[in-house]
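Student: Residues in the sequence shown are numbered consecutively from 1, following the UniProt record's numbering.
Simulated from the structure, these hints should not be mistaken for laboratory data. Hints are supplied without guarantee of correctness; some may be wrong.
Calculated cross-link-like contacts (lysine to any residue; reagent style SDA-like; alpha-carbon spacing at most 20 angstroms) [what the hints assert, rightly or not]:
#1 99 / 115
#2 37 / 103
#3 99 / 111
#4 99 / 218
#5 99 / 137
#6 243 / 207
#7 37 / 23
#8 197 / 217
#9 115 / 23
#10 99 / 158
#11 115 / 41
#12 115 / 219
#13 99 / 88
#14 243 / 41
#15 99 / 53
#16 99 / 116
#17 197 / 218
#18 37 / 137
All of these numbers come straight from a predicted model, not from anything done at the bench.
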Amino acid sequence: MNNHPRHHGQPPRRPNIGITPDWSQPEDQPFARYELKVPYAEAVLRAGGLPFVLPYADDPTCVEAYLDRVSGLLVTGGAFDIPPEAYGETAREGLGALKEGRTAFEAALMRGALKRNMPVLGICGGMQLLNVVLGGTLFQDIGREVQGAREHEQKHDRTQPQHPVDVRSGSLLAEAVGHGQLMVNSTHHQAVRTAGKDVSICAMAPDGVVEAIESTAHAFAVGVQWHPEYMSTTIPVHVGLYKTFVQKAREHRR
């Protein structure tokens with residue numbers, strides 16, 4: 001007798017994926033607003049997940065309540081930097097704008113998710129935060145601090161790549177997108193300086209800039225410096241990262 005709850009031919013269950021939005025305060029508007037670039041949600045949907053946007057809360061019980069209701073956490077990027085005090089430094093020339101409220105919320109969510117061994121995917125600034133939360137540090141500005149660095153803030157269409165990265169074989173990232181050379185877009189001016197505790201560097205740019213990390217102490221805690229969701233149609237292999245993330249989230253909470 002088959003006791004499996006799913007009927008034959010039914011698609012697999014869509015796990016709930018919590019997505020952190022950006023925040024802005026338009027000068028001509030009385031209220032601040034949450035913002036989420038559509039490709040993030042589309043990538044989660046295409047990969048078989050069910051996306052939920054998580055408004056900020058500084059109450060720890062709200063953070064835990066969010067984590068009770070999702071099976072995976074997607075921490076997005078944005079045009080802002082992590083406060084250097086978060087990794088034991090002070091601001092240097094080249095540091096960009098900060099969004100302390102956003103960073104505090106995302107860090108609390110990420111710590112809670114990691115404590116539960118819940119799958120975490122960090123994109124761009126989300127990767128940098130993952131490294132910092134796990135005890136690592138950042139270059140505050142690549143152009144000023146990384147000798148010989150190439151341009152990592154592309155001016156052209158972000159659905160098109162900027163440079164290659166080398167994906168390390170045997171990594172979770174390689175499981176998702178394959179190992180060896182992968183073309184990626186690039187929209188960042190900060191990067192990982194020292195990797196955090198139990199953090200493995202799993203992709204590098206030709207100029208030595210760290211492009212992807214993963215935790216060896218968690219089931220799935222991966223960060224990439226590029227935006228795979230922008231290249232889902234131009235370089236479809238990038239969708240593999242979201243598919244693997246969603247599958248891990250499905251396994252996390254069966």
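Student: Each of the hints needs a verdict: does it hold here or not?
Tutor: Hints, one by one, checked against the model:
no. : hint      : result
1   : 99 / 115  : violated (24 angstroms)
2   : 37 / 103  : holds (18 angstroms)
3   : 99 / 111  : holds (18 angstroms)
4   : 99 / 218  : violated (27 angstroms)
5   : 99 / 137  : holds (18 angstroms)
6   : 243 / 207 : violated (29 angstroms)
7   : 37 / 23   : holds (12 angstroms)
8   : 197 / 217 : holds (9 angstroms)
9   : 115 / 23  : violated (26 angstroms)
10  : 99 / 158  : violated (23 angstroms)
11  : 115 / 41  : violated (25 angstroms)
12  : 115 / 219 : holds (11 angstroms)
13  : 99 / 88   : holds (17 angstroms)
14  : 243 / 41  : holds (13 angstroms)
15  : 99 / 53   : holds (18 angstroms)
16  : 99 / 116  : violated (26 angstroms)
17  : 197 / 218 : holds (11 angstroms)
18  : 37 / 137  : violated (27 angstroms)
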